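Student: Chain A is fixed; fit chain B onto it per the hints.
From first to last, the protein sequence lines stand for chains A and B. So the first sequence is residues 1 to 469, counted in my numbering. So the second sequence is residues 1 to 108, counted in my numbering.
The hints are simulated quantities; they were obtained by calculation from the structure and are not laboratory data. Keep in mind the model is a prediction, meaning the values are calculated, not measured. Hints should not be assumed to be uniformly reliable.
[Stated by the list, open to error] Derived DSBU-like pairs: lysine-lysine, alpha-carbon spacing no greater than 35 Å straight-line:
#1 A/LYS122 / B/LYS43
#2 A/LYS92 / B/LYS84
#3 B/LYS84 / A/LYS249
#4 B/LYS76 / A/LYS332
#5 B/LYS108 / B/LYS76
#6 B/LYS84 / B/LYS102
#7 B/LYS76 / B/LYS102
#8 A/LYS332 / B/LYS102
#9 B/LYS43 / B/LYS102
#10 B/LYS87 / B/LYS102
#11 A/LYS122 / B/LYS87
#12 A/LYS92 / B/LYS76
#13 A/LYS92 / B/LYS108
#14 A/LYS332 / B/LYS84
[Stated by the list, open to error] Residues on chain B that point at chain A, a partial pick, calculated with CB under 10 Å:
#15 HIS30
#16 LEU32
#17 VAL33
#18 HIS98
[Said to hold, decoys possible] Beta-carbon label-pair distances, calculated as ranges:
#19 B/MET25 / A/SER442: 53 to 59 Å
#20 B/SER38 / A/PHE254: 53 to 59 Å
#21 B/LYS43 / A/MET140: 36 to 42 Å
Even for Gly, the Cβ is constructed at its ideal location relative to N, Cα and C.
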Amino acid sequence: MTPRDQTTALTSVTAGARARCGRAAAVTFFGSGLSILLLFAALGPRPALAVPAFAAQTSQPCATCHIGAFGPHLTPQGRDFKLHGYVASDGKEHGPPLAWTSLTSFTHTAVAQPGGAAPRFKPNDNVALDQVALYYAGRMTSDVGGFIEVKFDGVTHQFQADNIDVRRVREGQLFGQDVLWGMTVNNGPTVQDAWNSTPAWGFPFNRSALAPTPMAAPLLDGALNQRVVGVGAYMLWNDLLLLEADVYKGLDSFALRAVGQVPMDDGDRTTAFIPYARLALIRDWQNHHVEVGALALSANVVPGGNQTLGLGVRKTDTAFDATYQYISDPAKVTSDRLSAHGTYIHETAGMEGSQAQALTGALPDHSLDTMRVDISYSFAATVTPSVQYFRTTGTTDSNYWGTPNGSPNSDGMIFEVGYVPWGKPGSPFPNMNLRLAVQYVSYFSFDGSSANAGSNNNFFFSLRTAARF
Amino acid sequence: MNIRLAAAVAFLTGIIVAAQAAATMTVGQHGLVFTRSSASLAKGDRIVFTNEDDVIHNIHIFGPGNDDSTDLGLQKPGATLTYKFDKAGAYMVRCSIHPSVKMAVSVK
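In isolation and in its complexed conformation, chain A is listed as follows (with noise of 0.2 Å):
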């Protein structure tokens, strides 16, 4: 699986920086790079694809369950095999779930970074092996699966704890009606989500490392991931209803170190509980799907990036988001599929006034808005376009953001075509599958100035592929 870039999930006004200063070299990596894959490749990869390991637990394609038949973009089949514990199974032994991804890519912006993209890279049109990801991925018992993702970052240098998702499940009635019961220990607000409308999940599902992205996010846009551990509940009934509630603890400095945060540990710290929330409403019909659902989460933190000179900040973040998805042909995995979601995210962040006055007279209290739409087509399960525009606004301090202007404002588009030649039923090779995308991201503003917005603008060539050991 492939979160929502976790590896350049941006941490409120840190996250620029963050990315910024985390851009390590990987052109001079690459060639090291290509020579761990070709030894992977010479292992001899067994039926695979978006997490390999469950294509062959359940003798699955990867279009069963996932939209252009690569992840992490979930069908319906694809939401109910997570939310039932990832132990959906064909019944037979296929070995340790063990299987392994790859990202590589080429980033070319509208105007080279002065100084390198990155520590070791050059100002403009870098390749770079951005990932090699390793994953135990599968049923454990009858009741308990999930996947464990550990990688290695080639622009970061880093190995790093990925998305974690282990949980158990059990089936009964409730009100006449069929329930499903089940916990979870995930790493990460979203990352145990079944739809790809939250944040960690979401379109696009891969982007440059290499190019600017702007420096405000909201809490719950990917900023605890991996950086957290919780435990959480939740409860679907009657196919319709979804409700769960998980804590949160913040990692500790020697846990962060442990999982790879660190030295590139710029994102907001807090070793605090958090709580969070999620209500889902779900109705399927045939060739239709759609959820509309809500997000919650409140956390004491103290911002990365000394933003704030370490003072904390409590920061409140609740969500909307919504999915839709038309499936022409129901009976055929590959037939045409049509994807919309939707995310809306409102955070506000209160400091003391006296903290506030610390901080050379920023305001006490600021707000964020973050929206995001986007619509794809899946062709055949082949080739998928994308569109999406996003949009964050917030309160303007040029005392607490770190832009020009004070303000934390951005918008702009992601265009994207991707092709994936496998992963569907038939496809001589069914050892193995890969992704090539082409995406274009425009900025219209940038970290609060509509003027050299386009600066930002960059193409960035990926190619990611996937195998089960």
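Tutor: Here is chain B on its own, set in the frame of chain A:
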């Protein structure tokens, strides 16, 4: 003569009753769901499960007891699997690969 006629009528009636008891129903897996969500059968009735999708399915029958289950195995696209419901009670038919594929069967 009347006795023979009565015996013949009884015999034919028995055949008809037996034929009714051995009814066969066809249920498809189409679009990764069963074509019907429930069924009521008599003891001895059969269900023929068809796979109308382009991916592999499975048929796993749970019941009528809590610990009773029969796994009919994997079902390739276009293949059929048949099960005879010999015991009265409540069954749940599922595809072990696709959690959303499920059907309740009541046998009397």
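Student: Now tell me, hint by hint, if it's right for this structure.
Tutor: Tested hints:
no., hint, result
1, A/LYS122 / B/LYS43, "76 Å, violated"
2, A/LYS92 / B/LYS84, "24 Å, holds"
3, B/LYS84 / A/LYS249, "53 Å, violated"
4, B/LYS76 / A/LYS332, "14 Å, holds"
5, B/LYS108 / B/LYS76, "31 Å, holds"
6, B/LYS84 / B/LYS102, "17 Å, holds"
7, B/LYS76 / B/LYS102, "18 Å, holds"
8, A/LYS332 / B/LYS102, "19 Å, holds"
9, B/LYS43 / B/LYS102, "21 Å, holds"
10, B/LYS87 / B/LYS102, "20 Å, holds"
11, A/LYS122 / B/LYS87, "74 Å, violated"
12, A/LYS92 / B/LYS76, "15 Å, holds"
13, A/LYS92 / B/LYS108, "34 Å, holds"
14, A/LYS332 / B/LYS84, "29 Å, holds"
15, HIS30, "5 Å, holds"
16, LEU32, "5 Å, holds"
17, VAL33, "7 Å, holds"
18, HIS98, "6 Å, holds"
19, B/MET25 / A/SER442: 53 to 59 Å, "57 Å, holds"
20, B/SER38 / A/PHE254: 53 to 59 Å, "55 Å, holds"
21, B/LYS43 / A/MET140: 36 to 42 Å, "39 Å, holds"
Taken one by one, the earlier hints fail for this structure at numbers 1, 3, 11, listed in ascending order.
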